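K.L.:
Residues per chain, in single letters:
Number of protein chains: 2
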Amino acid sequence: MLKKRRLFTPGPTPLHPVVQEAMARPILHHRTEEFRAAFQDSAAGLQRFLKTTQPVLILACSGSGGMEAALVNLLSPGEEMLALVAGNFGERWAAIGRAYGMTVHELEASWGEAVAPERVDEALAARPGVRAVFVQHSESSTGVRHDVRRLAEVARRREALLVVDSISGAGAMPLETDAWGVDAVVVGSQKALALPPGLSFVTLGERAWERAASVTSPRFYFDLRRERAAQAAGESAFTPAIAQVVALRAALAFVDEMGGVDALVRNAATLAACTRAAAGALGLPLVAPRDHGDALTALKPPPGIEAGAVVKALKSEFGSTVAGGQGKLKGQIFRVAHLGYYDPTDILGLLATLEVVLKRLGHPFALGAGLAAAEAEYLGREHA
Amino acid sequence: MLKKRRLFTPGPTPLHPVVQEAMARPILHHRTEEFRAAFQDSAAGLQRFLKTTQPVLILACSGSGGMEAALVNLLSPGEEMLALVAGNFGERWAAIGRAYGMTVHELEASWGEAVAPERVDEALAARPGVRAVFVQHSESSTGVRHDVRRLAEVARRREALLVVDSISGAGAMPLETDAWGVDAVVVGSQKALALPPGLSFVTLGERAWERAASVTSPRFYFDLRRERAAQAAGESAFTPAIAQVVALRAALAFVDEMGGVDALVRNAATLAACTRAAAGALGLPLVAPRDHGDALTALKPPPGIEAGAVVKALKSEFGSTVAGGQGKLKGQIFRVAHLGYYDPTDILGLLATLEVVLKRLGHPFALGAGLAAAEAEYLGREHA
Chain A
752 MLKKRRLFTP GPTPLHPVVQ EAMARPILHH RTEEFRAAFQ DSAAGLQRFL KTTQPVLILA
812 CSGSGGMEAA LVNLLSPGEE MLALVAGNFG ERWAAIGRAY GMTVHELEAS WGEAVAPERV
872 DEALAARPGV RAVFVQHSES STGVRHDVRR LAEVARRREA LLVVDSISGA GAMPLETDAW
932 GVDAVVVGSQ KALALPPGLS FVTLGERAWE RAASVTSPRF YFDLRRERAA QAAGESAFTP
992 AIAQVVALRA ALAFVDEMGG VDALVRNAAT LAACTRAAAG ALGLPLVAPR DHGDALTALK
1052 PPPGIEAGAV VKALKSEFGS TVAGGQGKLK GQIFRVAHLG YYDPTDILGL LATLEVVLKR
1112 LGHPFALGAG LAAAEAEYLG REHA
Chain B
752 MLKKRRLFTP GPTPLHPVVQ EAMARPILHH RTEEFRAAFQ DSAAGLQRFL KTTQPVLILA
812 CSGSGGMEAA LVNLLSPGEE MLALVAGNFG ERWAAIGRAY GMTVHELEAS WGEAVAPERV
872 DEALAARPGV RAVFVQHSES STGVRHDVRR LAEVARRREA LLVVDSISGA GAMPLETDAW
932 GVDAVVVGSQ KALALPPGLS FVTLGERAWE RAASVTSPRF YFDLRRERAA QAAGESAFTP
992 AIAQVVALRA ALAFVDEMGG VDALVRNAAT LAACTRAAAG ALGLPLVAPR DHGDALTALK
1052 PPPGIEAGAV VKALKSEFGS TVAGGQGKLK GQIFRVAHLG YYDPTDILGL LATLEVVLKR
1112 LGHPFALGAG LAAAEAEYLG REHA
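Residue numbers (the numbering used here), protein chains in the order written: chain A, 752 to 1135; chain B, 752 to 1135.
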């Protein structure tokens, strides 16, 4: 049988056709009016995307680079930071902090759960020296969502900054950067925006910019003050990833055309709800039954079936790549993405092939049961 | 919700990525060794595709142009021809014949049925002056398959040529041009080969070439003798559709890589079988319950629901284009393609959205019933 190459991974996600077209154009020179227009349009679109009036800086690096940029501009060596660790990516905040000599405190949650804001409040009360709290909006390794709104309230009350890795969260789940008072947000291009990896977007709030003026961590490429000054003049500090920025403008125009970031968020929410409904009907336990987000769904295989066998069969028989587990959950789960350029036909098609695969692997269930639940969930929701 | 643009029409069909890539390359000049290699590779690949040792001529025209080319090279004005008319495209053979002053006899079948070889035998016995029989391998307006193998036997016995429009048949259903003794075959690029429209492929058997040498129909662009001579020298007679030929080579290489045309035919057969199984479970009558082919499935809507409403809802809610009815069946049916670059995820996804649409339109059935039947059909088949 024919099998198309389909990515259902929480990054990279499928490229939007307008992105592919834009990246196929002849390269522009970056010190031209034509490129400056693309750059400035993109920066403005990112402000709408993240709901902030602060500049959103466009960096030529992957999401981890954006995380590093946020951290080194907000803490000086030796300062205390609190990393909320609910999965593989929470550990990354701690690792970056240690690399720069910060005093890193970790607050862990069992994988599959979020770190509750109350626990953060207690930790900050116990450690008044903590200058900043670092968290994942969407923890891609488990599908967990952190309550960024309430975490921002807690951090503000305790006079710490809240720094959010929303790399796989923005565009998939609600995020009101200014209204919630989030101090720093980091996003990656290869997620909800349906671009290839290679760009990261970082925005700092007012309190964070004040801090950035005085912190002493060594930084050059990731010195956001320089980048902000350049961007205020309509340019980037260093050579921008030109083709990607041109594609970014196209992707953001698509988001606007669709009805804005809220529409993209609703899209992911519906696809996630359909997937959870199907999982329930098929007897596949959710990794995050309570704190799940909508960027992706992490699922456990049924008893007696290896997660790896499901991943492998979807790929070998149908060409579809779902993600396996990471870190502690390696080999134990599989993950289906909803963020970005996916539509109901994609997810329903994947769920049907998942039924075929589970049946072949000997899981007992009535064929069509997952689809029936997913379709019923879809029909029960409001659509524009 | 996001909705991707998806074509489930029996031409144009989705472009294969290798085709898109090839067409995006800088244009070659056609009188160069580089292009000659692409042209000759394509011609050789088409011989494998149609299972013939005769040259397959590559024309820059749509499928109807290829039909005209076949007809004007095989009949002289005033000669008798028999057109088998089982749908909209059968009527095209008759119309071309009349445009060139042929004496056209038509043998009709009810739409949704094939013209039986026995009836052709009787017709040829009654009209010994008929020089050629014209037929659709796959009648795209109804999904009907003609029995080309037996029609070729009948025609040969009655000393008439058999000319087959296999525009939507080749690559979707078995076709053994040489082994079955088919005298002429016409194919289009925008069907199983997953190219855009713009190329037609015509091959004539030995008896047909003899006839072509003496017929007097006026022809210039479609004079296949000139084209054959040019192609023997490794070129086309007129400016070829360069980018499309380069893409054709890529498409044919993909078919070879997949395991040859038989694998592509099996792919369509499985997708068609799954679709028919779902239709049965959902209570959607087949337009061609007995003589259906595998290039597409034509379906009637359930009682009380307009076919147009199904077509419209799939497009407006999910971005998927299925074809409506043509000619006599306009507004009464809808058609789902299987030929070309489709995989199980495509068809299962479409069937799930069809369930959603039917439910919204008030059709009573158990959600998931169509998918259960399609998945069971898929699981019951042998796959490579």
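Check before you lean on any hint, since a few could be wrong.
Below, a list of computed lysine to aspartate or glutamate pairs in the DMTMM-like style, where the Cα atoms sit at most 20 Å apart [said to hold, decoys possible]:
1) A:LYS755 x B:GLU1057
2) B:LYS754 x B:GLU785
3) B:LYS1066 x A:GLU1008
Output of the computed footprint for chain B on chain A, the stretches with three or more beta carbons under 8 Å from beta carbons of chain B [stated by the list, open to error]:
4) 978–990
5) 1043–1056
6) 1090–1096
7) 1104–1112
It should be emphasised that the hints constitute simulated quantities derived from the structure, not laboratory data. The structure displayed is predicted, hence computed values, not measured ones. Backbone N, C-alpha and C define an ideal beta-carbon position, used for all residues, glycine too.
K.L.:
If a hint holds in the structure, say so; if it doesn't, say that too.
P.N.:
Hints versus structure:
no., hint, result
1, A:LYS755 x B:GLU1057, "33 Å, violated"
2, B:LYS754 x B:GLU785, "40 Å, violated"
3, B:LYS1066 x A:GLU1008, "18 Å, holds"
4, 978–990, "violated (count 0)"
5, 1043–1056, "violated (count 0)"
6, 1090–1096, "holds (count 5)"
7, 1104–1112, "holds (count 5)"
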